[in-house]
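Trainee: Here is how the chains run, residue by residue.
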Amino acid sequence: MRVLDCGTFVAASHAAKQLADLGAEVVKVEPPAGDGTRARGPFPGGTFDPEASGLFLYLNANKRGITLDLEKPESRPVLDRLVAASDVVLHDVAPDRIAARGLEADRLLELQPSLVVTSITPFGLDGPKSGLRAHDLNLWCAGGIAFLNGGGPAAADLPPLKVYGQQAGFQAGLNASVASLGALLAAQQSGHGQLVEVSTQECLVSILELAFEHYPYMGISPSRLGRKPIQPLDFLQCKDGWIYICCVEEHQWRTFLELVGSPEWGEMEIFGDRLQRGTNWDALEIFLNEIAAEWTVEELYHAAQARRIPFAPVSTMGDLLASKHLQARGFFATVESPRGHAVTVPGAPYRHARTPWRLRRRAPALGEHTDEVLRHLGYDASELERLRASGAIG
Amino acid sequence: MNRTSGTPPLDGVRVADFTWVWAGPFCTLQLAHLGAEVIRVETAGRPCVTRLLPPWPDGQPGVNRSGYFNQYNQGKRSIALDLATEAGLEVARDLVRTSDVVVDNFAAGVMERLGLGYEACRALREDVVVISLSGYGATGPEHGYVSYGPAQVPLSGFSSVTGYPGWRPMHVGISYGDPTAGLHGAVAILAALLYRRRTGEGQFIDLSQWESTMTLLPEAILAETLGAGAPERDGNHDALWSPHGVYRCRGEDRWVSIAVATDDEWRALARLALPDLEGDRAHASGVGRKANEAEIDRRLGVWCAEKTREDVTEALQALGVAAFPVMDARDLHDDPHLSERGYWVELPHDEVGVRRHAGIPYRLHGTPLAVHRAAPCLGQDTSAVLREILRYDEARIRALQDAGVLR
Numbered sequence: 001m002r003v004l005d006c007g008t009f010v011a012a013s014h015a016a017k018q019l020a021d022l023g024a025e026v027v028k029v030e031p032p033a034g035d036g037t038r039a040r041g042p043f044p045g046g047t048f049d050p051e052a053s054g055l056f057l058y059l060n061a062n063k064r065g066i067t068l069d070l071e072k073p074e075s076r077p078v079l080d081r082l083v084a085a086s087d088v089v090l091h092d093v094a095p096d097r098i099a100a101r102g103l104e105a106d107r108l109l110e111l112q113p114s115l116v117v118t119s120i121t122p123f124g125l126d127g128p129k130s131g132l133r134a135h136d137l138n139l140w141c142a143g144g145i146a147f148l149n150g151g152g153p154a155a156a157d158l159p160p161l162k163v164y165g166q167q168a169g170f171q172a173g174l175n176a177s178v179a180s181l182g183a184l185l186a187a188q189q190s191g192h193g194q195l196v197e198v199s200t201q202e203c204l205v206s207i208l209e210l211a212f213e214h215y216p217y218m219g220i221s222p223s224r225l226g227r228k229p230i231q232p233l234d235f236l237q238c239k240d241g242w243i244y245i246c247c248v249e250e251h252q253w254r255t256f257l258e259l260v261g262s263p264e265w266g267e268m269e270i271f272g273d274r275l276q277r278g279t280n281w282d283a284l285e286i287f288l289n290e291i292a293a294e295w296t297v298e299e300l301y302h303a304a305q306a307r308r309i310p311f312a313p314v315s316t317m318g319d320l321l322a323s324k325h326l327q328a329r330g331f332f333a334t335v336e337s338p339r340g341h342a343v344t345v346p347g348a349p350y351r352h353a354r355t356p357w358r359l360r361r362r363a364p365a366l367g368e369h370t371d372e373v374l375r376h377l378g379y380d381a382s383e384l385e386r387l388r389a390s391g392a393i394g
Numbered sequence: 395m396n397r398t399s400g401t402p403p404l405d406g407v408r409v410a411d412f413t414w415v416w417a418g419p420f421c422t423l424q425l426a427h428l429g430a431e432v433i434r435v436e437t438a439g440r441p442c443v444t445r446l447l448p449p450w451p452d453g454q455p456g457v458n459r460s461g462y463f464n465q466y467n468q469g470k471r472s473i474a475l476d477l478a479t480e481a482g483l484e485v486a487r488d489l490v491r492t493s494d495v496v497v498d499n500f501a502a503g504v505m506e507r508l509g510l511g512y513e514a515c516r517a518l519r520e521d522v523v524v525i526s527l528s529g530y531g532a533t534g535p536e537h538g539y540v541s542y543g544p545a546q547v548p549l550s551g552f553s554s555v556t557g558y559p560g561w562r563p564m565h566v567g568i569s570y571g572d573p574t575a576g577l578h579g580a581v582a583i584l585a586a587l588l589y590r591r592r593t594g595e596g597q598f599i600d601l602s603q604w605e606s607t608m609t610l611l612p613e614a615i616l617a618e619t620l621g622a623g624a625p626e627r628d629g630n631h632d633a634l635w636s637p638h639g640v641y642r643c644r645g646e647d648r649w650v651s652i653a654v655a656t657d658d659e660w661r662a663l664a665r666l667a668l669p670d671l672e673g674d675r676a677h678a679s680g681v682g683r684k685a686n687e688a689e690i691d692r693r694l695g696v697w698c699a700e701k702t703r704e705d706v707t708e709a710l711q712a713l714g715v716a717a718f719p720v721m722d723a724r725d726l727h728d729d730p731h732l733s734e735r736g737y738w739v740e741l742p743h744d745e746v747g748v749r750r751h752a753g754i755p756y757r758l759h760g761t762p763l764a765v766h767r768a769a770p771c772l773g774q775d776t777s778a779v780l781r782e783i784l785r786y787d788e789a790r791i792r793a794l795q796d797a798g799v800l801r
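Those protein sequence lines, which keep their order, are chains C and S. Just so we're aligned, residue 1 is where the first sequence starts under our numbering, counting upward by one. Just so we're aligned, residue 395 is where the second sequence starts under our numbering, counting upward by one.
Warning: the hint list may mix true and false statements.
Unchecked claim - Chain C residues, not near chain S, derived (Cβ > 10 Å throughout):
(1) ARG2
(2) ALA33
(3) ARG97
(4) GLU197
(5) GLU202
(6) ASP240
(7) ARG254
(8) LEU259
(9) GLY266
(10) PHE287
(11) PRO338
(12) HIS369
Unchecked claim - Estimated spans, in silico, between C-beta atoms of each pair:
(13) C/ASP106 x S/GLU687: 24 to 30 Å
(14) S/ARG644 x C/ILE286: 36 to 42 Å
(15) C/SER390 x S/GLU734: 25 to 31 Å
(16) S/ARG675 x C/ASP282: 34 to 40 Å
(17) C/ASN289 x S/ALA699: 33 to 39 Å
(18) C/SER190 x S/GLY560: 53 to 59 Å
(19) C/ILE270 x S/ALA438: 30 to 36 Å
Worth flagging that the hints you see were computed from the coordinates, not collected in a lab. Owing to the predicted nature of the structure, the values given are computational and were not obtained by experimental measurement. Every residue gets a Cβ at the ideal spot worked out from N, C-alpha and C, and that includes glycine.
Could you build all of it, start to finish, from the sequences and the hints given here?
Mentor: Below, the structure is given as structure tokens:
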């Protein structure tokens, strides 16, 4: 499978990463100034270096990289030859720039009729808001998830809260990889490619859990200001860090009380069931924090899990990297940066018994494979020189 | 662009769906969206958790009335089967025999105990693709641990970096690990189907929800491994871009998001909202603006406070600045953009009537996708599946009914 990644930031790069991780040959197309994620970091020791940006290194491992300025007319024949040799083209170019970069689906499908062209945009390719600009924060708000998160009824002055990271981009990328693989299966069967259109806002509305349906079913718009109806389902502070306690079922609550040596609480009426524990959480939380303060996170986590109570540590990044469980599964992998830094990155979340995931190559330096890829397409040295002089390649 | 209108990609693919709650059903929802025939195996004695949770019309509970279940099981069929009986397990085995894909999201080992682990499935159908989306994965010292959706968020590291500055770790608003694992599961299954088409071979896929969620935290994890220091909880701020926040507008709990990524966007914003800062050199770069972020936030808050979020959005978008209202469920439900795009699914359901559900977020222009029926009532398709797919005769179905196996 040959994939052309014309992503500009997170979304399409993340979709192409899924395919690269599954063994596809992916060529990442960057403008001569470099992909947007090269400027994002995190950087080794905190020092800016476009060849060592963590987000870029993570999203683009297992890909080769070329520079090609799609806005320059001289680049068009190169793009077209690349497209003709591809099964999938992925991009996240804004609707009003698609034609300027030569990425119109109709045109690409003329060049390669079995091509899958996947276009990820903030709000889709049509509709009254399709022309609006949006960064990740705006999309997280447009998808309705931010409205659900905050400090509860006592913190009404604080705004709806986003999640850490470029999550709108990651979600759009995952949806795009699902849809693209589906379209690829169809293309293999029928010989016909097609345009796959992904709206990031719609991806996020599709993961509102039970929040969205509250409106059509009950006329309610859930918000961060609501009190949690059932408890305990919350954060407590242990001796050495935070733990998340979770007693959804009555037996989990009773077993927890036995574990911490306070079975008498199970008899107290104000904590009689999970709804009452929700109503009276302010009082209960104080007691539970006193108990938690006597435990370390690891002790309480493993002791609870040994009794099948689904507690979890509030993992720091250091905790994740040190986890014996994740080490035993070989989850983290190490890859070099083009500068030679050894970088530990999350591996693949799935293990195919027959076709195991591998880190085959590090992320490319800017333009590392331009000559290699273009020569393979038939360009000779003088043509490469002409393209370089025109600014079409870096 | 509708040059072809073929059948959807997974037309003819059958999925035996042993999942429940959210992660697993969200995985099989993607397969249903792509045209697969997804058959959920349910048990009346222990219905899916989402059947027991709100929202319900008129606040009246009922296993077929939950909007949560009905959202994530659109387009699927449901059979009711008592898997505690040998006769029930035999029906399940017959279903596996005729399925291309088997999916579960129980804790590791549960399918093996039911006699439906990968080796058993493979004995029933040589080229079957089996995926288990367990909380911790099928191996490793904690593989038997219990995993609930809300606990995956702190476990995977999201809570330690999400939150208001100076506050405790926080949640993210949804059980974020669940849909993420569901999507990764769909990717893994589609890849296995591509491989099967090429080689004729099925395989087992071990997916860990915990690992799936962590793959979306590369910036925080790499900050640690690159020696840049793990990020602090910093509300709606961004490490580099500024301003970057959510500001209160006119109305009750109405807010707008504004995000500035480039210096050009900043100048456009400043010209309109903070004109004295437009040409100010101290604010010309992201680094400079980060240094004065609290004051910029305060002043933007004042600027937004008397305007509606729609007015702020319109004024800033006209200048090329990314601004958008913070949407709630009603806003989304009534949004003309989503309606005009045909995003919603509104199909008749026996117990809740016609209600609006979130649709398919990806459009395949050549082989259009659609949800063809509302989520099933519990066991709605038991007889039909046993008769039409498993080829049981009426007498056999009746005997199973009489023995109490089909519930």
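Trainee: Taking the numbered hints from earlier one at a time, note which ones the structure violates and give those numbers from smallest to largest.
Mentor: 4, 5, 13, 15 and 16
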